[in-house]
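2 protein chains.
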Amino acid sequence: MAKVAPRTLSGFMELNPAPQVQMETMMDVLRKTYALYGFTPLDTPVIESSEVLLAKGGGETEKQIYRFQKGDADLSLRFDLTVPLAKYVALHYNELSFPFRRFQIGKVYRGERAQRGRFREFYQADIDVIGDGKLDIINEAEIPSIIYKTFSALGLKRFRICVNNRKILNGFYAMLGLTEQAPEIMRTVDKLDKIGAEKVFKILTEDVSVSPENAHEILNFIQISGSDQQVLQELDVYKGRNPVFDSGLEELTTVVRYLSAFGVPEENFAVDLTIARGLDYYTGTVYETTLLDYPEIGSVCSGGRYDNLAEYYTEKQLPGVGISIGLTRLFYVLGEQKLLNPDLNTAPADVLILPMTDDLSHAVALATLLRENGVRTQLHCEQKKFKQKISYADKLGIPYVIFLGEDEINAGVVACKELATGEQTKLDAKATIYRIKAGLDAKAGGTVIVER
Amino acid sequence: MAKVAPRTLSGFMELNPAPQVQMETMMDVLRKTYALYGFTPLDTPVIESSEVLLAKGGGETEKQIYRFQKGDADLSLRFDLTVPLAKYVALHYNELSFPFRRFQIGKVYRGERAQRGRFREFYQADIDVIGDGKLDIINEAEIPSIIYKTFSALGLKRFRICVNNRKILNGFYAMLGLTEQAPEIMRTVDKLDKIGAEKVFKILTEDVSVSPENAHEILNFIQISGSDQQVLQELDVYKGRNPVFDSGLEELTTVVRYLSAFGVPEENFAVDLTIARGLDYYTGTVYETTLLDYPEIGSVCSGGRYDNLAEYYTEKQLPGVGISIGLTRLFYVLGEQKLLNPDLNTAPADVLILPMTDDLSHAVALATLLRENGVRTQLHCEQKKFKQKISYADKLGIPYVIFLGEDEINAGVVACKELATGEQTKLDAKATIYRIKAGLDAKAGGTVIVER
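First to last, the protein sequences are chains A and B.
When we follow my numbering, the leftmost residue of the first sequence carries the number 595, and every step to the right adds one.
When we follow my numbering, the leftmost residue of the second sequence carries the number 595, and every step to the right adds one.
Hints were generated in silico from the structure; no laboratory data involved.
Be aware that a few hints might be false.
Remember, identical chains collapse to one label, so a pair may be satisfied in a single copy or spanning two.
Said to hold, decoys possible - Simulated crosslink set (BS3-like; lysine-lysine; CA at most 27 Å straight-line):
no., residue 1, residue 2
1, K1031, K626
2, K626, K1037
3, K650, K664
4, K785, K657
5, K728, K597
6, K979, K1020
7, K626, K989
8, K910, K983
9, K1011, K1031
10, K989, K728
11, K989, K979
12, K978, K1020
13, K1011, K989
Make a model of the complete structure from these sequences and hints.
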């Protein structure tokens, strides 16, 4: 028969079993951490009607969308989890209780140009808190805590959650009479790290038609830095000149005030006035998270406060705050940087049973007993050489191998070998289970990510 | 602004938060049970190249496929998890160890005509064991055990795993010289329950040109029933007439022999000669699972043994055995039949904290402490009436509410109310956590499914 060459589309991550277990472990950590903060899991379709999904319309994303006809229907694959959330909340408004706290880990699709480390199908892990009409600032203050706990639980230490407030920026530019140019100014200022202050000054004055005085003011403002308290103090100087600015400063002060009660260490947090987030719809606190040793990766967890989640679907005012982790890209980058823990247990089983008799009843009964005791067990009854079977366990990282021959069966014992140490015991089934479980407990733990 | 009416496509399941938790719990049970049997989790792309996905070509499925162009690429959404597995094993053959045991829970897509209880996007939960060249019969014998443990863990009791062997059927029809007509005969015989023996006889003799003698033989054969041992004994009569039949009978005998060692109770298992499974590629043991009180639902977990998983992609002989649960449909049906446990804890949090002071530091610190102790905690700081907040906890099923006012803070205690009983305690934080965790433990347990 003529064969079709098997292949996986470029830009689509497909992992081998061991890294897949690492990826699943990451997702588990996220699910558990989000649950601790009272978020409920949600699942929405991958396919939506194009009319609904593209209600906002325009923008860079639209070109990247997987859009197609099926019968009469104009369909699109979701390109993020925010638009489906907006639709969900608008559609199910009457069945939900607000504030509505949900997390969603799901695949999204963007037909970007294929390049290393860019994916067309990738997981996003999102949390959002949606209010009905209003939403208290404490929700914005809680987000750094969630980011901190999430990355800590994954095993990261050297990361920083950077926070700013859009009202501070908008208020500041309003003071200078530059409200209209603000978006363009922010885009320019965002390049400060890359192109330097002089170049930014040049673009501001020449291309964005900002006066030299204002350009200086902007550069001074944007470069305010130091400890969180120092930054807040320097910002205090601008107070009283614009109500939006004042409100933003108050919010930022609140976010900073509760940090320690929320368990966020100072070294994992910074007020950073250069952060604006590209998206237009953020209106308050904005977040970015960077790995201190890998700044080139950019933000690995971003988000912010918005005033109107579902304005394209409903008259209801639905303010919220949310963050998103691009999980597939993060996983890829962690792998590239060799930050994934090679000692994480990725074996598909804890024990491999090698029956040495024709009648398998005893081996099967032992496997059943092990499983009933929560030990992940595989029977290996293929016609292969003994050495091959041991090598199989070895390759998969299965820590224990059990041999069950006539002698053992007659003596009522089980021969159990720990592959790493070579230590072999002959104990009855119960004692063997006890030994294996103790060994597994000792080996357990260890985070997905290990920093060098 | 003009609004777009929010809607979810018909045939796409989108659950409210509480049922979503039930669904997630089901998936968790599946993941845990599959892991106990040494299956490793796998994830493959939802989109594949059409050439790869449709390598087999033809068939009913092709019309239902979501297929579209993106740039130059001819793409399709996967319609099951078997074809992607075949591609995966062929593509990653050199990186895998065999037997390769994987499970996958993922969404698949079929553009069927929309009707109640039929879904266009639905989860399948599959397990497969793939051998390299050969695969021992014990793997086929193990499958009923996995099905049994899975459904038991979900909470079902009244179900039956029905097993047959394609070799027995093929061998039997070969004895009668009816090999060519066998597929059509099996399709006809499959309708026995629905249309009765007389009608089957009529179709066999008139439409499939089977002689009346053979039609009688077929009907007698297919209606062999009784205990597993009785069926095997009656089949013994046919032995020695066809090697394929004999081999099938030996396999079926092996599957039955190990049942009790695999922990499968007799009442949950039956040899059923009417089962053939529609798909052509099954070659040995085949499985169906029916809910005894809801036979009209059909099989909720099916599969079988096949000889050649990836014949469209590779010359390698890759025999395997697998089963699949149509999870979305099962969930829907369970809901319709009111079999989902209404007492399952679906609350997004264990505790709702209501701060009664302007400064939230104490409340935040308490929330942090609770979370560090594994208690899922939500702070409720919105400007709403006290009654509304209690009603919020009530609606979401959050079992405990904590009030934290000046008095409590000054006294170093926490007022904690269990909503179900109204019981209120004023204890310090540690004792409160202890009380809550004990209460949660007492409430825990309970399966997703509860039979009446």
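Results for each hint:
When the C-alpha separation of K1031 and K626 is checked against a cutoff of 27 Å, the pair qualifies both within a copy, at 23 Å, and between copies, at 17 Å. Taking the shortest alpha-carbon separations for K626 and K1037, both the intra-copy value of 21 Å and the inter-copy value of 19 Å come in at or below 27 Å. For a Cα distance limit of 27 Å, the shortest separation of K650 from K664 qualifies both inside one copy, at 22 Å, and across copies, at 22 Å. In this assembly of identical chains, K785 and K657 lie within 27 Å of each other by CA distance solely inside one copy; the values are 25 Å within and 50 Å between copies.
In this assembly of identical chains, K728 and K597 lie within 27 Å of each other by CA distance solely across copies; the values are 21 Å between and 60 Å within a copy. In the homo-oligomer, the alpha carbons of K979 and K1020 lie at most 27 Å apart inside one protomer (22 Å), although the nearest pairing across protomers, at 66 Å, exceeds that limit. When the C-alpha separation of K626 and K989 is checked against a cutoff of 27 Å, the pair qualifies only between copies, where the shortest distance is 23 Å, while the shortest distance within a copy is 30 Å. For a Cα distance limit of 27 Å, the shortest separation of K910 from K983 across copies, 21 Å, qualifies, whereas the shortest one inside one copy, 63 Å, does not.
Proximity of K1011 to K1031 under the C-alpha cut-off of 27 Å is restricted to the intra-copy arrangement: shortest distance 13 Å within a copy versus 38 Å between copies. In this assembly of identical chains, the alpha carbons of K989 and K728 lie at most 27 Å apart only when taken from different copies (20 Å versus 55 Å within one copy). For a Cα distance limit of 27 Å, the shortest separation of K989 from K979 inside one copy, 15 Å, qualifies, whereas the shortest one across copies, 61 Å, does not. Taking the shortest Cα distances, K978 and K1020 sit within 27 Å of each other inside one copy (24 Å), while across copies they are farther apart (65 Å).
Taking the shortest alpha-carbon separations for K1011 and K989, only the intra-copy value of 16 Å comes in at or below 27 Å, while the best inter-copy value is 53 Å.
Violated hints are absent here; each numbered hint is respected by the structure.
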